[in-house]
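Participant: Sequence:
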Amino acid sequence: MSSKLLLLPMLTHVIWVALLYVLLTVVRAPAVWGFIKSKKDSWAEVEPRISANLSNQFEWPLFFYVICVLIISMGNIIEPIQFWLAWVFVGGRLLHSFIQILTNNIRLRGLVFTINFLAVIAMWLLFVF
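Residue 113 in UniProt numbering sits at position 113 of the sequence shown; the count goes up by one each step and never skips.
It should be emphasised that the hints constitute simulated quantities derived from the structure, not laboratory data.
Positions of the beta carbon are idealized from the N, C-alpha and C atoms, including for glycine.
Be aware that one or more of the hints could be misleading.
[Claimed, not checked] Below are the SDA-like pairs computed for lysine to any residue, each with C-alpha atoms no more than 25 Å apart in a straight line:
no.	residue 1	residue 2
1	4	15
2	4	122
3	4	49
4	4	103
5	4	47
6	4	111
7	4	79
8	4	124
9	4	88
10	4	57
11	4	126
12	4	16
13	4	115
14	4	102
15	4	87
16	4	121
17	4	98
18	4	118
19	4	65
20	4	23
21	4	75
22	4	78
23	4	58
24	4	66
25	4	76
26	4	73
27	4	18
28	4	51
29	4	110
[Unchecked claim] Beta-carbon label-pair distances, calculated as ranges:
no.	residue 1	residue 2	range
30	84	48	30 to 36 Å
31	74	19	27 to 33 Å
32	5	29	20 to 26 Å
33	107	58	21 to 27 Å
34	59	19	40 to 46 Å
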(Lines of atoms letter the chains of each structure in order from A; the text may use other names.)
(Lines give C-alpha, C1' and ligand atoms only; values in the text may rest on other atoms or scores of the structure.)
Protein backbone atom coordinates (compact mmCIF):
# COMPACT_ATOMS: atom_id res chain seq x y z
CA MET A 1 0.00 0.00 0.00
CA SER A 2 1.44 3.38 -0.96
CA SER A 3 2.33 5.73 1.86
CA LYS A 4 0.70 8.56 -0.13
CA LEU A 5 -2.67 7.06 0.76
CA LEU A 6 -2.16 8.68 4.16
CA LEU A 7 -2.96 11.96 2.43
CA LEU A 8 -6.63 10.93 2.36
CA PRO A 9 -7.21 10.85 6.13
CA MET A 10 -5.03 13.95 6.47
CA LEU A 11 -7.14 15.81 3.89
CA THR A 12 -10.32 14.65 5.61
CA HIS A 13 -9.13 16.13 8.89
CA VAL A 14 -8.16 19.41 7.20
CA ILE A 15 -11.63 19.63 5.64
CA TRP A 16 -13.19 18.88 9.04
CA VAL A 17 -11.21 21.70 10.67
CA ALA A 18 -12.26 24.06 7.87
CA LEU A 19 -15.90 23.11 8.48
CA LEU A 20 -15.47 23.81 12.19
CA TYR A 21 -14.20 27.30 11.30
CA VAL A 22 -17.28 27.83 9.11
CA LEU A 23 -19.56 26.59 11.91
CA LEU A 24 -17.91 28.89 14.44
CA THR A 25 -18.26 31.84 12.06
CA VAL A 26 -21.94 31.09 11.46
CA VAL A 27 -22.61 30.78 15.19
CA ARG A 28 -20.78 34.02 16.00
CA ALA A 29 -22.11 36.05 13.06
CA PRO A 30 -25.48 37.08 14.54
CA ALA A 31 -23.84 38.57 17.63
CA VAL A 32 -21.04 40.18 15.64
CA TRP A 33 -23.44 41.78 13.18
CA GLY A 34 -25.92 42.79 15.88
CA PHE A 35 -28.78 40.58 14.73
CA ILE A 36 -29.53 39.28 18.21
CA LYS A 37 -30.75 41.27 21.15
CA SER A 38 -30.34 38.79 24.00
CA LYS A 39 -28.10 35.89 24.91
CA LYS A 40 -31.13 33.58 24.81
CA ASP A 41 -31.47 34.17 21.07
CA SER A 42 -27.87 33.26 20.40
CA TRP A 43 -25.80 30.13 20.38
CA ALA A 44 -24.20 31.24 23.65
CA GLU A 45 -23.97 27.70 25.02
CA VAL A 46 -22.60 26.08 21.88
CA GLU A 47 -20.13 28.73 20.73
CA PRO A 48 -17.54 28.13 23.50
CA ARG A 49 -17.69 24.38 22.89
CA ILE A 50 -17.12 24.82 19.16
CA SER A 51 -14.25 27.20 19.90
CA ALA A 52 -12.70 24.77 22.40
CA ASN A 53 -13.06 21.89 19.96
CA LEU A 54 -11.41 23.90 17.23
CA SER A 55 -8.48 24.55 19.56
CA ASN A 56 -8.31 20.81 20.28
CA GLN A 57 -7.80 20.20 16.57
CA PHE A 58 -4.34 21.77 16.88
CA GLU A 59 -3.11 19.84 19.90
CA TRP A 60 -2.83 16.04 19.64
CA PRO A 61 -3.45 16.04 15.85
CA LEU A 62 -0.03 17.68 15.51
CA PHE A 63 1.54 14.30 16.32
CA PHE A 64 -0.73 12.64 13.76
CA TYR A 65 0.46 15.00 11.03
CA VAL A 66 4.11 14.60 11.97
CA ILE A 67 3.99 10.81 11.80
CA CYS A 68 2.07 10.87 8.52
CA VAL A 69 4.59 13.26 6.96
CA LEU A 70 7.47 11.11 8.19
CA ILE A 71 5.90 7.97 6.75
CA ILE A 72 5.16 9.65 3.42
CA SER A 73 8.63 11.22 3.23
CA MET A 74 10.24 7.81 3.56
CA GLY A 75 8.37 6.83 0.40
CA ASN A 76 8.01 3.24 1.54
CA ILE A 77 5.16 0.89 1.11
CA ILE A 78 3.17 0.94 4.35
CA GLU A 79 1.33 -1.76 6.16
CA PRO A 80 -2.45 -1.52 5.85
CA ILE A 81 -2.66 -1.22 9.64
CA GLN A 82 -0.99 2.21 9.49
CA PHE A 83 -3.55 3.36 6.94
CA TRP A 84 -6.43 2.08 9.07
CA LEU A 85 -4.99 3.59 12.24
CA ALA A 86 -4.94 6.95 10.44
CA TRP A 87 -8.63 6.54 9.63
CA VAL A 88 -9.38 5.48 13.22
CA PHE A 89 -7.73 8.69 14.35
CA VAL A 90 -9.68 10.90 11.92
CA GLY A 91 -12.98 9.14 12.64
CA GLY A 92 -12.27 9.55 16.33
CA ARG A 93 -11.60 13.27 15.87
CA LEU A 94 -14.95 13.65 14.15
CA LEU A 95 -16.70 11.74 16.93
CA HIS A 96 -14.80 13.73 19.55
CA SER A 97 -16.04 16.96 17.94
CA PHE A 98 -19.67 15.84 17.93
CA ILE A 99 -19.47 14.76 21.56
CA GLN A 100 -17.75 17.95 22.71
CA ILE A 101 -20.03 20.30 20.76
CA LEU A 102 -23.37 18.58 21.27
CA THR A 103 -23.05 17.11 24.77
CA ASN A 104 -21.39 17.65 28.11
CA ASN A 105 -20.37 13.99 28.40
CA ILE A 106 -16.75 14.34 29.46
CA ARG A 107 -16.31 10.62 30.15
CA LEU A 108 -17.35 9.65 26.63
CA ARG A 109 -15.20 12.41 25.18
CA GLY A 110 -12.25 11.12 27.21
CA LEU A 111 -12.82 7.58 25.97
CA VAL A 112 -12.89 8.73 22.34
CA PHE A 113 -9.76 10.82 22.93
CA THR A 114 -8.02 7.75 24.33
CA ILE A 115 -8.80 5.85 21.14
CA ASN A 116 -7.37 8.74 19.08
CA PHE A 117 -4.33 8.87 21.32
CA LEU A 118 -3.65 5.15 21.05
CA ALA A 119 -4.08 5.16 17.26
CA VAL A 120 -1.36 7.79 16.88
CA ILE A 121 0.92 6.10 19.41
CA ALA A 122 0.52 2.83 17.48
CA MET A 123 1.39 4.61 14.22
CA TRP A 124 4.54 5.97 15.84
CA LEU A 125 5.55 2.58 17.25
CA LEU A 126 4.99 0.84 13.93
CA PHE A 127 7.11 3.47 12.22
CA VAL A 128 9.98 3.37 14.69
CA PHE A 129 10.09 -0.39 15.18
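Participant: Does each hint hold? Answer for all of them.
Facilitator: Outcome of the hint check:
1. 4 / 15: Holds, at about 18 Å.
2. 4 / 122: 19 Å, holds
3. 4 / 49: 33 Å, violated
4. 4 / 103: Not OK: residue 4 and residue 103 at ~35 Å, beyond 25 Å, violated.
5. 4 / 47: The hint is violated at about 36 Å.
6. 4 / 111: Violated, because 29 Å separates the two Cα atoms, which is more than 25 Å.
7. 4 / 79: Given that 25 Å is the threshold and the Cα spacing comes to 12 Å, the pair holds.
8. 4 / 124: Since the Cα atoms of residue 4 and residue 124 sit roughly 17 Å apart, the hinted pair holds (cutoff 25 Å).
9. 4 / 88: 17 Å, holds
10. 4 / 57: 22 Å, holds
11. 4 / 126: 17 Å, holds
12. 4 / 16: Distance ~20 Å between residue 4 and residue 16 Cα, so the pair holds.
13. 4 / 115: Given that 25 Å is the threshold and the Cα spacing comes to 23 Å, the pair holds.
14. 4 / 102: Since the Cα atoms of residue 4 and residue 102 sit roughly 34 Å apart, the hinted pair is violated (cutoff 25 Å).
15. 4 / 87: Holds, at roughly 14 Å.
16. 4 / 121: 20 Å, holds
17. 4 / 98: 28 Å, violated
18. 4 / 118: Distance ~22 Å between residue 4 and residue 118 Cα, so the pair holds.
19. 4 / 65: With a Cα-Cα distance of about 13 Å, the restraint between residue 4 and residue 65 holds, given a limit of 25 Å.
20. 4 / 23: 30 Å, violated
21. 4 / 75: The given pair, whose Cα atoms are some 8 Å apart, holds under the 25 Å limit.
22. 4 / 78: 9 Å, holds
23. 4 / 58: Cα-Cα ~22 Å, so holds.
24. 4 / 66: With Cα atoms ~14 Å apart, residue 4 and residue 66 stay inside 25 Å; holds.
25. 4 / 76: 9 Å, holds
26. 4 / 73: Answer holds: residue 4 to residue 73 is near 9 Å, not above 25 Å.
27. 4 / 18: 22 Å, holds
28. 4 / 51: Given that 25 Å is the threshold and the Cα spacing comes to 31 Å, the pair is violated.
29. 4 / 110: 30 Å, violated
30. 84 / 48: 30 to 36 Å: Since residue 84 and residue 48 have Cβ atoms about 34 Å apart, the given range 30 to 36 Å holds.
31. 74 / 19: 27 to 33 Å: 31 Å, holds
32. 5 / 29: 20 to 26 Å: 37 Å, violated
33. 107 / 58: 21 to 27 Å: 24 Å, holds
34. 59 / 19: 40 to 46 Å: Violated: the Cβ-Cβ distance is about 18 Å, outside 40 to 46 Å.
Checked against the numbered hints listed earlier, the structure breaks hints 3, 4, 5, 6, 14, 17, 20, 28, 29, 32, 34; every other hint is satisfied.
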